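Put chain B on the given structure of chain A with help from the hints.
Protein chains in written order, with the UniProt record's numbering: chain A, 1 to 667; chain B, 1 to 667.
Please keep in mind that the hints were generated in silico from the structure rather than gathered at the bench. Small disclaimer: the values here were computed from a predicted structure and weren't measured. One or more of the hints may lead you astray.
Identical chains blur together in the list; that is why a pair holds if it fits in one copy or across any two.
[What the hints assert, rightly or not] Only pairs whose alpha carbons sit at most 25 Å apart, straight line, appear in this in silico DSS-like list of lysine-lysine: (1) 465 <-> 454; (2) 68 <-> 639; (3) 465 <-> 445; (4) 591 <-> 507; (5) 592 <-> 448; (6) 83 <-> 666; (7) 466 <-> 448; (8) 179 <-> 16; (9) 515 <-> 592.
There are 2 protein chains.
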Amino acid sequence: MPNRCIRPGDNPDLTKERETCTFDTDELAANLYGSRRNLERRREISQKVSADPDFADPIPHEFLSREKAVDATAKKSKVIFQKWKNLVKPEEMPHLVNEAVGIQGFPLALHHAMFLPSLNSQADDDLAAEILPRAKAYEIIGTYAQTEMGHGTNLRELETTATYDKTTQEFVINTPTRKAMKWWPGNLGKMSNYAVVCCQLIIDGKNLGPHNFLVQLRCEKTHEPLPGITVGDIGPKIAYNTTDNGFLALDNVRIPRRQMLMKHAKVSPDGTYTPPIHAKLNYGAMVHVRAHMIYSHGHLLARAAAVATRYSAVRRQGRIENGGPEVQILDYQTQQHRIFPQIARAYAILFAGQEVRDQYAKTLEGIANGQADLLPDLHALTSGLKSVVTFMGGLGIEQCRMSCGGHGYSDASGLPKLYGVQIGGCTYEGENMVMLQQTARYLMKGVKWAEQGKSLSPSIAYLGKKSGKSLIGLKGGDITREHEAILETLEHTARRLAIDASQLWEKRIKGGECKERAWNGVTVEMNRASRVYTRLFMARSFHRRLLSSPSSIRSVLSDLFSLYLHYECVDMAQHLLEDGHCNGGQIQYLKKRLYEDLTTLRPNAVSLVDSFEISDRELNSVLGRRDGNVYEALFQWAKQSELNYTDVLPAVKNYMMPMMEENRSKL
Amino acid sequence: MPNRCIRPGDNPDLTKERETCTFDTDELAANLYGSRRNLERRREISQKVSADPDFADPIPHEFLSREKAVDATAKKSKVIFQKWKNLVKPEEMPHLVNEAVGIQGFPLALHHAMFLPSLNSQADDDLAAEILPRAKAYEIIGTYAQTEMGHGTNLRELETTATYDKTTQEFVINTPTRKAMKWWPGNLGKMSNYAVVCCQLIIDGKNLGPHNFLVQLRCEKTHEPLPGITVGDIGPKIAYNTTDNGFLALDNVRIPRRQMLMKHAKVSPDGTYTPPIHAKLNYGAMVHVRAHMIYSHGHLLARAAAVATRYSAVRRQGRIENGGPEVQILDYQTQQHRIFPQIARAYAILFAGQEVRDQYAKTLEGIANGQADLLPDLHALTSGLKSVVTFMGGLGIEQCRMSCGGHGYSDASGLPKLYGVQIGGCTYEGENMVMLQQTARYLMKGVKWAEQGKSLSPSIAYLGKKSGKSLIGLKGGDITREHEAILETLEHTARRLAIDASQLWEKRIKGGECKERAWNGVTVEMNRASRVYTRLFMARSFHRRLLSSPSSIRSVLSDLFSLYLHYECVDMAQHLLEDGHCNGGQIQYLKKRLYEDLTTLRPNAVSLVDSFEISDRELNSVLGRRDGNVYEALFQWAKQSELNYTDVLPAVKNYMMPMMEENRSKL
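One chain only, chain A, in its complex shape (with noise of 0.2 Å):
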């Protein structure tokens, strides 16, 4: 079957690995981007920014310091939006970015992401006329300051405050302590002029809480700061370092009133208040952010998961039999079991992404027609996800980068920024442990209600079935029955483990405790039990796709499948024996099956990499080239490196030749 990226030139291993390919590696990428057209629509996009000279790098960013990596970033940026705005759609924008600025941040990311949103969502009529088509129009580039510097995710201790101040019928922006300064926002740092800032909105000396305020930050004519701000960046990062991640000190800064985002709430010229009507409208733009990073973050680990299949291909090294030839290090046991694992998660995340965008567009619909009760479902399921999608992420771009050995931890190989920029989300958007404090919320409603004979919302429906007898391993070779087998498995699992924290939560309870205090004493056996509901859902998401997909690619997903399921069930083996529902022997049958599945795999293992459809640019790693040319690449790579615009350092020549030279003539 053909895999369509064998090219005259090639590594002869990695076209050797190509040639074994047993399906048609274009199907695969289809099914993955939605269509053959979007496939299309994402090789013109490559091969139009690798071809504009606008977007050439003459120094690649790894060798720039930070203010020049900055300074490349906004050059392209401008070309972005002012040449090419108009030449993609808004959803294949992120696509271009990657493409053509990389994966570390830019100048307007924030603008797009949060800043024009916000006034969207927020802003009153009046405010969106005069505000939107400037910013829609990039006249102005702005922001959203909600973090302080301690102050995270529990909005209500926010400090800065907006005093109204009838007399002049302004607010007065203040950040009183050290502390309160607006912390870690991306593009406030140098970039905006605008930002919308969140703040304790204080009137006749009470506080009625955060809310929202439009501040201009900056001239216009000049960007310097206004008087009474005080901004910058906050210094550099794992990753993001193009981003201008900020601070912001707001002395005594002014704004007219209609400057609150007066939407929802409303404050008056004589100072009235007014309440928003629905208390919880932020609800369902957490769940949309978090439901496009579980895609994103699929994306990440593919990414890893390409640069170490191939790499791993071309790299020759050691013997397997004693006189053979040097072999491609893809035929180690331990390698494979390494990297085919994140092949198989990178697509399960993929397709738990796309599910749950779709869930949100639906429930959305819903919304529309007066129907909100899928939202707390997709609350959960998406607050899961992207606990469990991060953190795993993370592990297996690590595990991929070292599969590469020495040239892994080389930036040449792309994946020690890579990792930066992934494991940031583990913190982002709602650190992972609240987040999947959050899922046990609803699961031990779910536990309630399931008792209670309820019915029960799509992701926890497996909590009102009953527990029959785990059939892992009795289904002979029937694939089939046997995905089926492990899925009811990991139901019961998912299902035992969050009766078992309720229980304890109860029995704390009932010891006296209470409720909160019973809950801290019990979270970690919580998240637990969020992680194994999250990883069912990510497993019976899979298995859908499996059924869904077209015969031409069935097979190698079913193949990938069995891996995927394999794997994670070894991973949880200690939930399935704990309560005796699985045997010894059922785990041994499973670590058999598993290391079949990766030599099953290993003939599709490249192709299933060239499926993700990643350009040599966007993926941006000497190991992980298209065409496997890697040993020459990385020569010319590191000849770029500023260390070498010399043969002799200034620091040889200021401190080690003195020192060498003076230690001679002591002779």
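Only chain B this time, still in chain A's reference frame:
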């Protein structure tokens, strides 16, 4: 009991934590560093480095470009090796370097770690007499070049050749292909003017295998590369960016015959080759390096645990009970469960590291007396420890970092670079998967020896014991007997996994596979067995340390050891359950104990990390400062960002301001 770290002006939350200490932090620190005297010397060095203006950093390294950071490091290195050299003992040098220049490498790192030792142990008397005094006096700087771009651990496949030319009595050295270039050696790129280079020795067309040769790389006067030599820096990496890891191509470079390191193997002027008497003379050196790696990795994890614990004591966020004040995040069970096991593991790794260092010294003594029988045991043990400890440390540091929320992602926390430095350990000095297989090969021998009733070396003595019933949970409140019950259960599990793996291997061989191919089909299981063997040793080692500890710190060490054991068992529960040796009730008992341990340890958590005795300068973390005054420090740190040199960034002036201007004028 006294925590000795309380000072006026400290963050009151941290002082409060220190006041609940139940032991003497100095006594634990003295125990950790071997003696009260060692502890005092450690403090002296820290203080003197801080006071030396030559070591002052006008701008923290985090804000420097790579070239400037290399420059600052070279400047300080000259101070260390010209001014300080004779003020510290050799064994104190690592601490001095850590304090003065940090952990990312310095120009003379490989000179000490590899160049001097290889000359010492392998150069013949003539060459040693000529070169060693110059090297020791820092008249020259050297490194050791073995790894090639296309070849890592498998020495037999190195491509660099040293061909003997009888007519001139010279070796002609060549890197015949691109991937034959030496690649990765530290300090090779820019700093060193000499290197010991590992080459295939060719005489009369016959390849006599890898041998070492002293090669001058650069002119001593000008530091320019000599003719035929291409040398440079390989570019940026995850960390170690103040180290010039280098590449080296050699094109018909001629060196005199006597620059072969000929203490063992020899080439006479007429080209007669005399092989070395002992084949594996480097064996001991590898064990030595790995034994030291283990301790230093314990120290890296200790730093991360110190940062996370202290910061979690001063960070307040959210509430456990409604209406109460915001709580220290260290009060959350999830936070304790992330951090406390890392404290315990850091101690466990430090203890294990000290034990194998001592064992190494004893083994050397044995070898001096003609008894080398302890070396294979120590080799298997250090291979296993190297692998387990580096991976465990990486996971632990990341847990600590993520437990600091967003600020952990900033270089201000010091944790990103700490992870970067630490995680390299999974790859260098023997890739972890390969290391575990070396351990497994020894275990397989052990299983055979045990079957045959032979006497077993210390680390595998348990292979010869008989398993009883697991007594976990059956020892009432007797903590001493409980520890022993857990250790015996771990012994059973380690034994069972080794025997199972051995049987799987045999089964494949009986099925018709050759030994080597059969091995490749069971390596994942082999590696599991090696990990549990290693973790058993770590638990036993911690236990020995507990039993020999003075009574003043016995109680807190016992609490820490309980937490350690319970955490490890829950982490390995799958293995405990798989063969039915433990039942689910016992695992639930271990979890219950673990959650109790978290509460028990809470009042001593800060004091336990204080006893790591890491100075603020060495810790290099705004979040981990001894005084806990993090927020003001964070702002002072961030102000130094290179993006803050100007209020209006050139990137904004050149691209974003013109973009906005163009769009405004369109209207």
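How the hints compare with the structure:
1. In this assembly of identical chains, the alpha carbons of residue 465 and residue 454 lie at most 25 Å apart only when taken from the same copy (12 Å versus 55 Å across copies).
2. In this assembly of identical chains, residue 68 and residue 639 lie within 25 Å of each other by CA distance both inside one copy and across copies; the values are 19 Å within and 19 Å between.
3. With identical chains, the CA atoms of residue 465 and residue 445 are at most 25 Å apart within one copy only, with a shortest distance of 16 Å there and 50 Å across copies.
4. In the homo-oligomer, the alpha carbons of residue 591 and residue 507 lie at most 25 Å apart only across protomers (15 Å), although the nearest pairing inside one protomer, at 36 Å, exceeds that limit.
5. Taking identical chains as interchangeable, the C-alpha atoms of residue 592 and residue 448 lie at most 25 Å apart only when they sit on different chains, with a minimum of 24 Å there against 38 Å within one chain.
6. For a Cα distance limit of 25 Å, the shortest separation of residue 83 from residue 666 across copies, 14 Å, qualifies, whereas the shortest one inside one copy, 65 Å, does not.
7. Proximity of residue 466 and residue 448 under a CA criterion of 25 Å is satisfied intra-copy only: 15 Å inside one chain copy versus 47 Å between copies.
8. For a Cα distance limit of 25 Å, the shortest separation of residue 179 from residue 16 across copies, 21 Å, qualifies, whereas the shortest one inside one copy, 59 Å, does not.
9. Taking CA atoms no more than 25 Å apart as the test, residue 515 paired with residue 592 passes between copies only; the shortest distance there is 19 Å, against 45 Å inside one copy.
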